[in-house]
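Engineer: Listed here are the chains, written in short residue letters.
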Amino acid sequence: MSPIQIIQKSEATRKHYSSVFAIACLVICSLVVVVLVTLLASVVTSGGGWLSWTLLTGVHHEDQPEMSGIRQALTGSLFVCAICGLAALPVGVGTAIFLEEFKPKHRVLRWFHGLVDLNITNLAGVPSIVYGILGLTAFVYMFGIVPPIEANRPASIEFGAQYYYQAKTLGGKWINFPASDRFQTIYHFKEPISATMATGEDVQLNILSKSADSPEAPAIRDRTVFEGNSASIFRRNDWWHVHLPFSKSILSAGLTLALVILPIVIIASQEAIRAVPGSLREAAFGMGANRWQVVRSAVIPSAIPGIMTGAILSMSRAIGEAAPVLAVMGGVLGTTSGLTGLMDKAPVLPVTIFRWSGDENAGFEHLSAAAIIVLLIVLVAMNSLAIIIRNRFEKKQQGV
Amino acid sequence: MSLIPESVNTTGSLLPSAQYRLRSTATSRRWQQLVVAVLVGCAAISLATTVGIISMLVIESLGFFMAEEIELGRFFTDMQWTVGQTKGDLSYGIMPLLSGTLRITGIAMLIAVPMGLVCAVYLAEYAPRKVRAVLKPTLEILAGIPTVVLGFFAVKFITPNLLVPLGDFKTFNATAAGIAVGILCLPLITSLAEDALQSVPRSLREGAYGLGSTKLEATLWVILPAALSGIISAILLAMARAIGETMVVAMAAGSSPTLTLDPRGPSQTMTGFIVETFKSESVVPGTVSYYSIYAVAGVLFLITFATTLFGQFIRKRFREEYQ
Amino acid sequence: MQKRIWIPVAAMLFGCLLGGCGQPTQTAPAKSSGGSAVSTEPKNILSGSVVIEGSSTVEPVSLKAKEGFNKQYPGVNISVSGQGTGNGFKALAKKECDISDASRPIKQSEFESCTAAGQGFFEVPVAYDGLTIAINKENTFVDKLDVGQLTKIFRADMAAKTWSEVNPEWPNEKITIYAAGIASGTHDYFMEVIGKDAEAGMRSDEQITLSEDDKLLVTGVVGEKFSIGFFGYSYFVANQDHLKAVPIVNSAGEAITPNIETIESGQYEPFSRPLFIYVSTASYERAEVREFVDFYLENITDIVTQARYVPLPAEVYQRARTHLDKGLAGTYYLDANGKKREGSIATVFVEENLLGK
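Heads up: the sequence lines are chains A, B and C, in that order. First residue of the first sequence? That's 0 in numbering that gives the first Met the number 0, and the numbers climb one at a time after it. First residue of the second sequence? That's 0 in numbering that gives the first Met the number 0, and the numbers climb one at a time after it. First residue of the third sequence? That's 0 in numbering that gives the first Met the number 0, and the numbers climb one at a time after it.
It should be emphasised that the hints constitute simulated quantities derived from the structure, not laboratory data. One thing to keep in mind: the hints can contain errors.
Okay, derived cross-link-like pairs now, DMTMM-like style, lysine to aspartate or glutamate, Cα gap no bigger than 20 Å in a straight line [stated by the list, open to error]:
{"#": "1", "chain 1": "C", "residue 1": "Lys93", "chain 2": "A", "residue 2": "Glu149"}
{"#": "2", "chain 1": "C", "residue 1": "Lys160", "chain 2": "B", "residue 2": "Asp261"}
{"#": "3", "chain 1": "C", "residue 1": "Lys70", "chain 2": "A", "residue 2": "Glu61"}
{"#": "4", "chain 1": "A", "residue 1": "Lys172", "chain 2": "C", "residue 2": "Asp293"}
{"#": "5", "chain 1": "C", "residue 1": "Lys70", "chain 2": "A", "residue 2": "Asp62"}
{"#": "6", "chain 1": "C", "residue 1": "Lys214", "chain 2": "A", "residue 2": "Glu65"}
{"#": "7", "chain 1": "C", "residue 1": "Lys160", "chain 2": "C", "residue 2": "Asp204"}
{"#": "8", "chain 1": "A", "residue 1": "Lys209", "chain 2": "C", "residue 2": "Glu284"}
{"#": "9", "chain 1": "A", "residue 1": "Lys167", "chain 2": "A", "residue 2": "Asp116"}
{"#": "10", "chain 1": "A", "residue 1": "Lys172", "chain 2": "A", "residue 2": "Asp221"}
{"#": "11", "chain 1": "C", "residue 1": "Lys94", "chain 2": "A", "residue 2": "Glu149"}
{"#": "12", "chain 1": "C", "residue 1": "Lys243", "chain 2": "C", "residue 2": "Glu172"}
{"#": "13", "chain 1": "A", "residue 1": "Lys14", "chain 2": "B", "residue 2": "Glu205"}
{"#": "14", "chain 1": "C", "residue 1": "Lys173", "chain 2": "B", "residue 2": "Asp167"}
{"#": "15", "chain 1": "A", "residue 1": "Lys189", "chain 2": "A", "residue 2": "Asp201"}
{"#": "16", "chain 1": "C", "residue 1": "Lys106", "chain 2": "C", "residue 2": "Glu341"}
{"#": "17", "chain 1": "C", "residue 1": "Lys224", "chain 2": "B", "residue 2": "Asp261"}
{"#": "18", "chain 1": "C", "residue 1": "Lys214", "chain 2": "A", "residue 2": "Glu61"}
{"#": "19", "chain 1": "A", "residue 1": "Lys189", "chain 2": "C", "residue 2": "Glu284"}
{"#": "20", "chain 1": "C", "residue 1": "Lys106", "chain 2": "C", "residue 2": "Asp187"}
{"#": "21", "chain 1": "C", "residue 1": "Lys93", "chain 2": "C", "residue 2": "Glu284"}
{"#": "22", "chain 1": "A", "residue 1": "Lys172", "chain 2": "A", "residue 2": "Asp237"}
{"#": "23", "chain 1": "A", "residue 1": "Lys172", "chain 2": "C", "residue 2": "Glu297"}
{"#": "24", "chain 1": "A", "residue 1": "Lys167", "chain 2": "C", "residue 2": "Glu290"}
{"#": "25", "chain 1": "C", "residue 1": "Lys143", "chain 2": "C", "residue 2": "Glu172"}
{"#": "26", "chain 1": "C", "residue 1": "Lys195", "chain 2": "C", "residue 2": "Glu268"}
{"#": "27", "chain 1": "C", "residue 1": "Lys173", "chain 2": "B", "residue 2": "Asp261"}
{"#": "28", "chain 1": "A", "residue 1": "Lys14", "chain 2": "B", "residue 2": "Glu124"}
{"#": "29", "chain 1": "C", "residue 1": "Lys160", "chain 2": "B", "residue 2": "Asp167"}
Please construct the entire structure, taking both the sequences and the accompanying hints into account.
Structural biologist: Encoded structure:
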């Protein structure tokens, strides 16, 4: 129907069309609400019955959905997001300040400024799985520049780890003692050394020549080893233990997620900074402050609520991302020792949901839905916080 | 933002430099230099990310195309993708993966574009306050839902409850994934298109009403055409999102790379292939299937990058029209 | 006035984030002392880590071993992943794992890459598996299949489109196939049976879904009436309420359903096969790996039964123990020319057959 044909119709008919269209629109729009309600309802009906204390406190058990839980996934998500936030927020806010407040005069810098500005919007359109692959290459394998981690060789560059040897005595007790050279992975007993027993007691080890008769008394057997027997190296690490390459670890995952949300943080912070009234800046300049002093004392304080809102929203994006984490850490569902440091793998909530929903055991399907409920609750909490901050900010703006 | 005079943003142009120097001490200036250096460093990281992505994809894809088994031509012409699958001769045509991506993106767009646009029009032109108060948050919540959740919805609800009763749909199929991706793109299209509609100048609207058109006529023949480039850019950006969507596809679309038009069967997309390879706890570097990830990701990156860039370009031009 | 509020709020939130990051310092010791509540000797009990990769068919066995071992030694971090036998051997050759799970013996090419990398290994058979061909519970027409029919369904050069092409009496319905992907030992084993002397491999068209993930295959067959798939016996038993195992016609012409008795007696052929773990010799020198492997072998019958597989004859386990103690590294399944040895595990797995360094 062309405009001419329509206009030829009577006004009543045309008005009628218009209101029919409005109603049709309303119906289609209410479909959106229906979709959301169905989605939530299907998750709740599937997983509601599986919300339990075990879900929050348990760890993944193969084949036993009743015993499995998301404790490790929750802590994993928390720490991965903390790393992500610590990396992305300062860098993102810094970039935004640079883009909005410092328009350089130098030609090269100006070119750089324009390029960064152009780049941000394009980065925001890159699929998150591509970031995952970047994380895998840049953090996990470090472009192959650093030798890869092997099973029986300590990393060549590392901090925050102490090496010990461990061995079993004749009495079947485990002892250990510090290693001086971490690259010597096997130690052969030669001369008496002091070692720590499992009880924490320090003892002098007896070294018995192979031909000698082994002693009878258990107390002595417990602290005796044969000459030439071997002890093998193991590592104890502090939580900040770091080695190169980062390998598949929460540090790699957090940094990768930081790259994913960086454009979002930058764009949100830019908007927050742009919303700062020019009068504030002028007043500060008028008092003789230089540009950085203006930014520090006038712009940042009044942009902070906006920046915080953006930060929380981008963190809630990070906590729901599965694909990049999957690429960087693999589909981990749980680890024996839990999270002890930056170099550990850990499951995160979205990956757990993904793996569980793909399990053929129907129990895990429900458990996966229950985990979704938990994830949604976390997201709702984060978003409410953002809304509270935004509302207070708006009130304040109106007050001004 | 237009409140801020442009001149304020250029260092010191409002203030006579003598006065400027008067209060800012030598220390504070050195401090400022340091801060600028740090900020430049921050900005450089985002640039380094792009450089990193591109160089990584190029270099590692070379590893794939340089491998003895692989010829570049066959990457685009082979009709099968069997990297890491059958024994004997290896087929590595990207076409099946590409067709999977297009199939799912197509279905997603079929859902997201009409619904998204209707919502945008309704929100921009019609919606009474009360409806708006429901619809807006609904869309915002929908936009915030993690993609794994939509994947779960697709495979555990859409397929068994909506599709299987309709016909011969497989456990993993392109339609369910497409619908879920459509749900995911809908809020994006709505919010971008609503922005575009709302930035159509008031004068155009008033002109249309002044000439006696009804709301429908004003919307269809005046406002929509005026906002067209903004709407196209919204659709393009949503499309880039759909092409790059990973988890929904990995969960609901299955894992067989097939070259078909049948939306009832399984289909593997480019992103789906990448995830399938990653799903296990380790990928062994240096193998053909490891390099193939990069080759596929390279194609994926090119497509989404081009789409986004085109969308941005159209949006910029649109903005210029009215500003 | 109002503006001031935001500074403490922001500081608090950043503080939360920082505190969140700082927390591992507190949790790490807390966790190890938490572990002490379980074991009486916390600080010095066996530590270290064991990395296991490879077959998803063997994965349940290794997971059960891990579970039992961790009860005794909670300090040892064991990671098990099931990415396919082929990928397991790759990881072994790259020295990325301590133990590689395998649902078929090592191949010539894999053996060579291990040798080239200086990676020695112990070959330890752990269980029997009856590779199970499964159909949907609602499928009533298939009562048995022979190797010829399976070839028609699965091989690329035959690639039957419908069930009636396999047997004219069966309905004219499209077959949907869920099969193990190439990195999986199950795939190789299956192809050995149906495609021994053929050029053609497994079909790869829109009717087949290939995956190294057995769970996905099970989900697929459970969901569709006219589907067929195959996977390790353990995955069938875990889902036997939703699946049907097809009796397979053996060389004696009898249709045999896979179960513990028929697999153990060897009647269920040609799809009975041994499963292995390959232990890196360098890793076996490490106390925690040695302790784990010893535990594995000591409790092998329980572990295998819990994992829903069939234990091997006690004599084979005995030999495996002896080989480990004597340090006999290498494979028993390849002869000097790199050809695979045929025969039952009891006849192949003997010292004379060792090919190693």
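Engineer: Now, for every hint given, state plainly whether the structure supports it.
Structural biologist: Hint check results:
Annotation: proposed proximity of Lys93 (chain C) to Glu149 (chain A) holds, straight-line Cα distance about 8 Å (limit 20 Å). Among the hinted pairs, Lys160 (chain C) with Asp261 (chain B) is consistent with the structure: their alpha-carbon atoms are about 16 Å apart, no more than 20 Å. Proposed proximity of Lys70 (chain C) and Glu61 (chain A) is supported: the alpha carbons are some 15 Å apart, at most 20 Å. This hinted pair checks out: Lys172 (chain A) and Asp293 (chain C) have alpha carbons roughly 16 Å apart, not beyond 20 Å.
Distance restraint check for Lys70 (chain C) and Asp62 (chain A): the Cα-Cα separation of roughly 17 Å lies within the 20 Å cut-off, and the hinted pair is therefore satisfied. For the hint pairing Lys214 (chain C) with Glu65 (chain A), the CA-to-CA distance comes to about 18 Å; that is within 20 Å, so the pair holds. For the proposed pair Lys160 (chain C) and Asp204 (chain C), the alpha carbon gap of about 10 Å is at most 20 Å, so the pair holds. Under the criterion of a C-alpha separation no larger than 20 Å, the hint pairing Lys209 (chain A) with Glu284 (chain C) is consistent with the structure, at around 19 Å.
Distance check on the hinted pair: Lys167 (chain A) and Asp116 (chain A) sit about 62 Å apart at the alpha-carbon level, beyond 20 Å; violated. At most 20 Å may separate the alpha-carbon atoms for a hinted pair to count; Lys172 (chain A) and Asp221 (chain A) meet this at roughly 6 Å. Using a Cα cut-off of 20 Å, the hinted pair Lys94 (chain C) and Glu149 (chain A) holds, with the two alpha carbons roughly 6 Å apart. Distance hint between Lys243 (chain C) and Glu172 (chain C) is fulfilled; the C-alpha atoms sit about 18 Å from each other, no more than 20 Å.
Taking the CA atoms of Lys14 (chain A) and Glu205 (chain B), the gap is near 17 Å; set against the 20 Å cutoff, the hint holds. Restraint check: the Cα-Cα separation between Lys173 (chain C) and Asp167 (chain B) comes to about 10 Å, which is no more than 20 Å; the hinted pair holds. Taking the CA atoms of Lys189 (chain A) and Asp201 (chain A), the gap is near 19 Å; set against the 20 Å cutoff, the hint holds. Proximity of Lys106 (chain C) to Glu341 (chain C) is assessed by CA-CA distance (about 13 Å); at most 20 Å being required, the pair is judged to hold.
Of the pairs offered as hints, the one joining Lys224 (chain C) and Asp261 (chain B) holds, with about 19 Å between alpha carbons and a cut-off of 20 Å not exceeded. Our distance criterion of 20 Å between C-alpha atoms is met by Lys214 (chain C) and Glu61 (chain A), whose separation comes to about 12 Å. Simply put, Lys189 (chain A) and Glu284 (chain C) have alpha-carbon atoms about 18 Å apart, close enough for the 20 Å limit, and the pair holds. Between Lys106 (chain C) and Asp187 (chain C) the alpha-carbon distance is near 10 Å, which keeps this suggested pair within the 20 Å criterion.
Between Lys93 (chain C) and Glu284 (chain C), the direct Cα distance comes to roughly 18 Å. Compliance with the 20 Å bound is thereby established for this hinted pair. Pair hint Lys172 (chain A) plus Asp237 (chain A) does not hold up; C-alpha atoms about 26 Å apart against a cutoff of 20 Å. Under the criterion of a C-alpha separation no larger than 20 Å, the hint pairing Lys172 (chain A) with Glu297 (chain C) is consistent with the structure, at around 19 Å. For the hint linking Lys167 (chain A) to Glu290 (chain C), the alpha-carbon distance of about 10 Å falls within 20 Å, and the restraint holds.
Distance hint between Lys143 (chain C) and Glu172 (chain C) is fulfilled; the C-alpha atoms sit about 18 Å from each other, no more than 20 Å. Restraint check: the Cα-Cα separation between Lys195 (chain C) and Glu268 (chain C) comes to about 15 Å, which is no more than 20 Å; the hinted pair holds. For the hint linking Lys173 (chain C) to Asp261 (chain B), the alpha-carbon distance of about 14 Å falls within 20 Å, and the restraint holds. Taking the CA atoms of Lys14 (chain A) and Glu124 (chain B), the gap is near 15 Å; set against the 20 Å cutoff, the hint holds.
Distance hint between Lys160 (chain C) and Asp167 (chain B) is fulfilled; the C-alpha atoms sit about 15 Å from each other, no more than 20 Å.
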